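Number of protein chains: 2
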Amino acid sequence: MVKTKNPETVRRGRPGYDQQSVLSVAVTVFNKHGYEATSMGILAENLGISKSAIYHHVPSKGDLLRLALEEALGSLEAILEEPGASAGRADDRLEYVLRRTIDVLTEKLPYVTLLLRLRGNTEVERNALERRREFDHKVAGLMDAAREEGSLRSDIDPRTTTRLLFGTINSIVEWYKPGGKLTSQKLADDLISMMFDGLHLPTAARVIA
Amino acid sequence: MVKTKNPETVRRGRPGYDQQSVLSVAVTVFNKHGYEATSMGILAENLGISKSAIYHHVPSKGDLLRLALEEALGSLEAILEEPGASAGRADDRLEYVLRRTIDVLTEKLPYVTLLLRLRGNTEVERNALERRREFDHKVAGLMDAAREEGSLRSDIDPRTTTRLLFGTINSIVEWYKPGGKLTSQKLADDLISMMFDGLHLPTAARVIA
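Protein chains in written order, with full-length UniProt numbering: chain A, 1 to 209; chain B, 1 to 209.
Don't read these hints as lab results, they were simulated from the structure.
From a predicted model like this one, the values you see are computed outputs, not experimental measurements.
Mixed in with the good hints, there may be bad ones.
Which copy is meant is left open, so a pair is good if it fits within one copy or across any two.
[What the hints assert, rightly or not] Computed list of lysine-lysine pairs in DSS-like fashion (alpha-carbon distance at most 30 Å, straight line):
no., residue 1, residue 2
1, Lys177, Lys61
2, Lys32, Lys186
3, Lys51, Lys186
4, Lys32, Lys177
5, Lys177, Lys138
Construct the entire structure; sequences and hints are all you get.
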């Protein structure tokens with residue numbers, strides 16, 4: 001993990017930033033303009049400091065990208081090590097992992113956004129995409145297990161299901177506003193209800209209604 | 001619509017392209033490098049013709065973008081004028097529109113991809129985003145109507161439902177391979193089953209299984 005000085009101390013220092021806060025601004029700028037289109041000059045402008053002051057915190061633009069992607073990937077990978085992801089019925093483990101993935105998405109929104117928009121043009125990007133594929137692959141394995149145990153429908157190719165499910169979850173970064181009326185918890189409830197139980201009212205309920 | 005000459009005739013001509021085929025290559029290059037990062041020089045290189053030969057087909061890079069976005073938006077907007085979108089129960093009209101949207105996504109994949117990745121930095125982009133929002137807004141209206149008529153569950157905020165549904169549909173452009181084993185028709189069946197009936201087997205079926 002990235003070591004940072006006590007932020008109180010650092011903020012009184014002249015450049016006004018520690019590595020973590022430089023990173024936070026950099027990620028916002030990368031998401032706005034695209035990583036490739038963002039020069040160190042643009043970053044310096046957005047931070048209100050000189051280019052050499054940025055190099056005091058981080059050796060290169062690629063390192064900023066690497067650190068930012070680590071924030072997202074490290075948090076996602078850690079989910080799979082949690083007890084809820086490894087014990088119990090596959091269906092419950094799958095739900096647990098999806099709920100926690102939504103937590104990470106909403107808590108680390110700009111970092112996950114950056115990860116999901118990667119094109120894979122550099123070594124750092126290709127490495128991050130490989131780790132993301134590995135995470136997706138493990139979640140797909142949980143879906144297969146849930147299907148095997150008879151919890152999930154089997155008339156849809158599991159590859160299609162996995163892709164549609166990730167498509168739904170990943171699209172959250174495009175519109176979710178942290179701190180708004182919709183909590184991460186309620187969003188997770190809604191997504192799980194929709195994907196696993198469907199939007200249609202059960203026929204019985206429709207007859208009564 | 002764009003008028004094109006018979007491709008057989010045109011391909012024997014010297015520049016080797018008509019406007020539609022220049023457009024098709026341009027869209028692929030825009031999707032690969034990003035619209036802003038693509039210069040007319042890069043386009044010329046990919047087309048294997050000179051910059052001035054491109055200007056013979058289209059006055060500017062912005063016009064290529066406008067024509068490409070028209071391909072996507074015109075097709076999407078036309079769906080809402082079809083009889084299946086305007087007559088019958090809201091639930092059926094909604095399903096019709098979603099199925100046809102998936103058709104357009106898979107048939108005009110690169111054009112819709114370009115539309116979905118827009119950042120809105122130019123007038124042409126902002127205009128296209130406005131038309132896309134208008135389309136989304138009309139589909140959201142159908143969902144509201146389906147909920148009103150008692151076809152859809154009402155414990156999820158309709159704005160959340162709409163966003164998750166579009167997230168799922170739009171994510172198709174990121175992975176769908178036209179001409180592969182998964183037909184557009186089967187993909188539409190799968191997506192409709194998953195979103196409206198859910199991935200879980202009904203409890204009764206699970207007890208039997």
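Going down the list of hints, with the structure as the test:
In this assembly of identical chains, the alpha carbons of Lys177 and Lys61 lie at most 30 Å apart only when taken from the same copy (27 Å versus 34 Å across copies). Taking CA atoms no more than 30 Å apart as the test, Lys32 paired with Lys186 passes inside one copy only; the shortest distance there is 28 Å, against 36 Å between copies. Neither within a single protomer nor between protomers do Lys51 and Lys186 lie at most 30 Å apart by alpha-carbon distance, with minima of 42 Å and 53 Å respectively. In this assembly of identical chains, the alpha carbons of Lys32 and Lys177 lie at most 30 Å apart whether taken from the same copy (16 Å) or from different copies (29 Å).
When the C-alpha separation of Lys177 and Lys138 is checked against a cutoff of 30 Å, the pair qualifies both within a copy, at 28 Å, and between copies, at 23 Å.
Figure legend: structure checked against the earlier numbered hints; the only hint not met is number 3.
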